[in-house]
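Number of protein chains: 2
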Amino acid sequence: MISLADLQRRIESSELSPDAAVAQSVQAIAAHEKTIGAFVCRDANVRAASKGPLRGIAVGIKDIIDTADFPTEMGSKIYRGHQPRGDAPVVTLLKQAGASIIGKTTTTAFAANDPTPTVNPRNSAHTPGGSSSGSAAAVGAGMVPLALGTQTGGSVIRPASYCGVAAIKPSYRLLPTVGVKCFSWTLDTVGLFAAGVEDLARGLSAMTNRPELLLGAAARAPRIGVVIQEFAGAPEADSAAALQAAMKAAERAGASVRALVLPDIVAEAWRIHPIVQDFEAHQAFAWEYRANYDAMPPLLRGRLDESVGIKPAEYDAARSVSNRARKALRSLFEDVDVLLTFSAPGAAPKGLASTGEPRFNLLWTLMGVPCVNVPVYVAAGGLPVGVQVVARFGDDAGALNVARFVEGALKG
Amino acid sequence: MISLADLQRRIESSELSPDAAVAQSVQAIAAHEKTIGAFVCRDANVRAASKGPLRGIAVGIKDIIDTADFPTEMGSKIYRGHQPRGDAPVVTLLKQAGASIIGKTTTTAFAANDPTPTVNPRNSAHTPGGSSSGSAAAVGAGMVPLALGTQTGGSVIRPASYCGVAAIKPSYRLLPTVGVKCFSWTLDTVGLFAAGVEDLARGLSAMTNRPELLLGAAARAPRIGVVIQEFAGAPEADSAAALQAAMKAAERAGASVRALVLPDIVAEAWRIHPIVQDFEAHQAFAWEYRANYDAMPPLLRGRLDESVGIKPAEYDAARSVSNRARKALRSLFEDVDVLLTFSAPGAAPKGLASTGEPRFNLLWTLMGVPCVNVPVYVAAGGLPVGVQVVARFGDDAGALNVARFVEGALKG
Numbered sequence: 001m002i003s004l005a006d007l008q009r010r011i012e013s014s015e016l017s018p019d020a021a022v023a024q025s026v027q028a029i030a031a032h033e034k035t036i037g038a039f040v041c042r043d044a045n046v047r048a049a050s051k052g053p054l055r056g057i058a059v060g061i062k063d064i065i066d067t068a069d070f071p072t073e074m075g076s077k078i079y080r081g082h083q084p085r086g087d088a089p090v091v092t093l094l095k096q097a098g099a100s101i102i103g104k105t106t107t108t109a110f111a112a113n114d115p116t117p118t119v120n121p122r123n124s125a126h127t128p129g130g131s132s133s134g135s136a137a138a139v140g141a142g143m144v145p146l147a148l149g150t151q152t153g154g155s156v157i158r159p160a161s162y163c164g165v166a167a168i169k170p171s172y173r174l175l176p177t178v179g180v181k182c183f184s185w186t187l188d189t190v191g192l193f194a195a196g197v198e199d200l201a202r203g204l205s206a207m208t209n210r211p212e213l214l215l216g217a218a219a220r221a222p223r224i225g226v227v228i229q230e231f232a233g234a235p236e237a238d239s240a241a242a243l244q245a246a247m248k249a250a251e252r253a254g255a256s257v258r259a260l261v262l263p264d265i266v267a268e269a270w271r272i273h274p275i276v277q278d279f280e281a282h283q284a285f286a287w288e289y290r291a292n293y294d295a296m297p298p299l300l301r302g303r304l305d306e307s308v309g310i311k312p313a314e315y316d317a318a319r320s321v322s323n324r325a326r327k328a329l330r331s332l333f334e335d336v337d338v339l340l341t342f343s344a345p346g347a348a349p350k351g352l353a354s355t356g357e358p359r360f361n362l363l364w365t366l367m368g369v370p371c372v373n374v375p376v377y378v379a380a381g382g383l384p385v386g387v388q389v390v391a392r393f394g395d396d397a398g399a400l401n402v403a404r405f406v407e408g409a410l411k412g
Numbered sequence: 413m414i415s416l417a418d419l420q421r422r423i424e425s426s427e428l429s430p431d432a433a434v435a436q437s438v439q440a441i442a443a444h445e446k447t448i449g450a451f452v453c454r455d456a457n458v459r460a461a462s463k464g465p466l467r468g469i470a471v472g473i474k475d476i477i478d479t480a481d482f483p484t485e486m487g488s489k490i491y492r493g494h495q496p497r498g499d500a501p502v503v504t505l506l507k508q509a510g511a512s513i514i515g516k517t518t519t520t521a522f523a524a525n526d527p528t529p530t531v532n533p534r535n536s537a538h539t540p541g542g543s544s545s546g547s548a549a550a551v552g553a554g555m556v557p558l559a560l561g562t563q564t565g566g567s568v569i570r571p572a573s574y575c576g577v578a579a580i581k582p583s584y585r586l587l588p589t590v591g592v593k594c595f596s597w598t599l600d601t602v603g604l605f606a607a608g609v610e611d612l613a614r615g616l617s618a619m620t621n622r623p624e625l626l627l628g629a630a631a632r633a634p635r636i637g638v639v640i641q642e643f644a645g646a647p648e649a650d651s652a653a654a655l656q657a658a659m660k661a662a663e664r665a666g667a668s669v670r671a672l673v674l675p676d677i678v679a680e681a682w683r684i685h686p687i688v689q690d691f692e693a694h695q696a697f698a699w700e701y702r703a704n705y706d707a708m709p710p711l712l713r714g715r716l717d718e719s720v721g722i723k724p725a726e727y728d729a730a731r732s733v734s735n736r737a738r739k740a741l742r743s744l745f746e747d748v749d750v751l752l753t754f755s756a757p758g759a760a761p762k763g764l765a766s767t768g769e770p771r772f773n774l775l776w777t778l779m780g781v782p783c784v785n786v787p788v789y790v791a792a793g794g795l796p797v798g799v800q801v802v803a804r805f806g807d808d809a810g811a812l813n814v815a816r817f818v819e820g821a822l823k824g
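Protein sequences, first through last, are from chains A and B.
Note that the first sequence ends on residue 412 in the working numbering; no numbers are left out.
Note that the second sequence ends on residue 824 in the working numbering; no numbers are left out.
Chain A with its partners taken away, still in its complex shape (with noise of 0.2 angstroms):
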């Protein structure tokens, strides 16, 4: 993979030049695009900027995200050859900052769950995980040190695992989604990918212009609660050994750690999390689900079928347990820094019917909270496997510091 920290110092140093550096993502992706599948579209003469923290840095953009310089195509024939006027604003963040946008990265139709062909950069038989498929099988190829996804369910967190990568998604609102494809308003949450944890913080640090999420010196003595979600169902052997082997390495390193049990209304939280996102989603897609029916993915489809009946009280019944749950997890903060969960069910399904599971991420998306994830080994297949790192509202820094005392101490 390519490292933008270590992009950003050659660069920085003159070692390399930002074209250069640009140069090599167009390489990569020249070498691994056909067997990968991550590009929905790219600029092969993209040029470096001179200036800003992230010149000389490519980055893949999900196609759902508007840019004025690729169509944008949301992954489904609704949108073929749609064009928007302008870019997102995360789209002008990243230029503004210098990064260079080096293509549009695949998408599960409208970020819900009809796959794309993308493989899994570490064992093509097996899917890169989804929504954000593209973005996270480019990083994980080598051919981006950065890429742009979306979670509005798991689809930044799971595919990071899957694909063996570190990625974020940042406090709800962090990074606006202006000019994304919304799925649900409550829950979409625009995500990095990038090599590692002090690659996202620069990444994040940069779009943001919040220097305090730049890494310090690695937290110490974190305060650690593990917790495994029992509500969303038990784990496969391969993330249970994933939790395993990262509770041991942190607590090795100095960290306090201990079980927690998230309290019933967060456990309710978890249950509600669907009705919240299809309530929205039906009012999100309305034009497409009226007057495009037929052409809909039928994935998606189908869970609008079946979510119609949907009542505004039975959404309005789960957003206050939703407002509840966040004011319950609020207190748990005060006793852990960070919380230590499950990234995915386990290691990346096999084939790419099934973009995989996202049951241990819907909660942390309805909570607003931010998440990170962090590779901890590879299993059978040559799959990764990841855990998720989860801060309290609003606390990135705390996240990301967390998370990589946690993926320090997996290498120690």
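The set of hints was computed from the structure by calculation and includes no laboratory data.
Cβ atoms here follow ideal geometry from the backbone N, Cα and C, with glycine treated the same way.
Mixed in with the good hints there might be a few duds.
With a straight-line Cα cutoff of 27 angstroms, these simulated BS3-like cross-link-like pairs (lysine-lysine) come out [what the hints assert, rightly or not]:
(1) B:Lys660 - B:Lys463
(2) B:Lys739 - A:Lys327
(3) A:Lys311 - B:Lys463
Label pairs and their computed distance ranges (CB to CB) [claimed, not checked]:
(4) B:Gly493 - A:Ser124: 11 to 21 angstroms
(5) B:Gly493 - A:Ala30: 50 to 60 angstroms
(6) A:Val261 - B:Ile677: 32 to 42 angstroms
(7) B:Ala679 - A:Asn45: 28 to 38 angstroms
(8) B:Gly793 - A:Asn209: 40 to 50 angstroms
(9) B:Ala679 - A:Ala353: 56 to 66 angstroms
(10) A:Gly412 - B:Ala725: 44 to 54 angstroms
(11) B:Glu624 - A:Asn45: 56 to 66 angstroms
(12) A:Ala217 - B:Val720: 26 to 36 angstroms
(13) B:Val720 - A:Thr35: 37 to 47 angstroms
Please arrange chain B on chain A, whose structure you already have, making use of the hints.
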């Protein structure tokens, strides 16, 4: 003005066909549009649907809201000829309820302050207010029974007051803002203009599929707290008189009316509204400001130039103030059903150079609470003046019910 409730009753009783009802709007627009200038584009051949509660209802849509059948130009040359692929959800919700979209109404550029050529339907030497200038004027001139606008500062309630029409800015996200050009994602709210409060209730209920928004028996003895928002400066004599008249009428009709002082933290929230708005606007308009600086509307560009230095930490602090103020406001609503306050500083200002000031609206937009403008009386020059009824978050039914009570009390 055309009453939506009256049209519905006549259509239900087969006294009027849906097509004849829509034709009435087509004719009214043909008669008045040349004088008023409320529309950017329109469809003179629009047909009525044969079913749905809003069949026969012609609706004007503010031109920052995406429409598949009309260009969406945002009031700015940057979007000249821009044709969205799909309808915004609020447009589809209207169509699903049977409404006929008759055209796009004028908007100040990007719903900021740069005025449109639209004139006030009561006195063409005066502004109709903004940013939803065309929607307020089209309803006020009797062209359409219903129009959509949006409010980020005071862009629904203020023009409604100036044009003598009823309007509701519902609770934050009761109506989706997907497909609506974003100014500030924390503030932007889609609202409705109509002839009277019952018309608003019928329109909003049909769009949201929430029967509880239909007015029941009129509130008998609502508890009304009157607030003058002293932190927002003094009102002009016309608005002071309107508030007095509404208070007295409500009291005569049986309401309990008393003066309230808003807590300090709420006043503080009023002060930080521009920080939230402008910090988010810099992200929302990042592409326009960076890639189309020279073509930006001058007043908005000036506003962005002035606010370019807002730091993320200032924004975070402002959001914290806002959260605390919302909590304080919730407590206040334990003692009263609604608050009653000014809709605007006075009657519509003379000339078209300014759309007036939103200083009595900013707070309520930031608080996300439902606000209804009730026309009170006609001041010198034939210029209307209204008051606004404000209820607690989520109590849109309460806001509408008490607004109708006040409306009835003023007539009685």
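Quick rundown of the hints versus the structure:
For the hint linking B:Lys660 to B:Lys463, the alpha-carbon distance of about 42 angstroms lies beyond 27 angstroms, and the restraint is violated. Distance restraint check for B:Lys739 and A:Lys327: the Cα-Cα separation of roughly 13 angstroms lies within the 27 angstroms cut-off, and the hinted pair is therefore satisfied. For the hint pairing A:Lys311 with B:Lys463, the CA-to-CA distance comes to about 21 angstroms; that is within 27 angstroms, so the pair holds. Hint check: B:Gly493 to A:Ser124, Cβ distance near 44 angstroms, so the stated range 11 to 21 angstroms is violated.
A hinted range of 50 to 60 angstroms for the beta carbons of B:Gly493 and A:Ala30 is inconsistent with their spacing of about 37 angstroms. As the Cβ distance of A:Val261 to B:Ile677 is approximately 35 angstroms, the hint placing it in 32 to 42 angstroms holds. Checked against the hint of 28 to 38 angstroms, the C-beta distance between B:Ala679 and A:Asn45 comes to roughly 55 angstroms, which is inconsistent with it. Under the hint 40 to 50 angstroms, the C-beta atoms of B:Gly793 and A:Asn209, about 48 angstroms apart, fit the expected range.
At about 58 angstroms, the beta-carbon gap between B:Ala679 and A:Ala353 stays in the expected band of 56 to 66 angstroms. A:Gly412 and B:Ala725 have their C-beta atoms about 34 angstroms apart, which leaves the hinted 44 to 54 angstroms range violated. Checked against the given bound of 56 to 66 angstroms, the beta carbons of B:Glu624 and A:Asn45, roughly 58 angstroms apart, stay inside it. Range check, A:Ala217 to B:Val720: Cβ separation about 32 angstroms, and the 26 to 36 angstroms hint holds.
The supplied range of 37 to 47 angstroms is met by B:Val720 and A:Thr35, whose beta-carbon atoms lie about 45 angstroms from each other.
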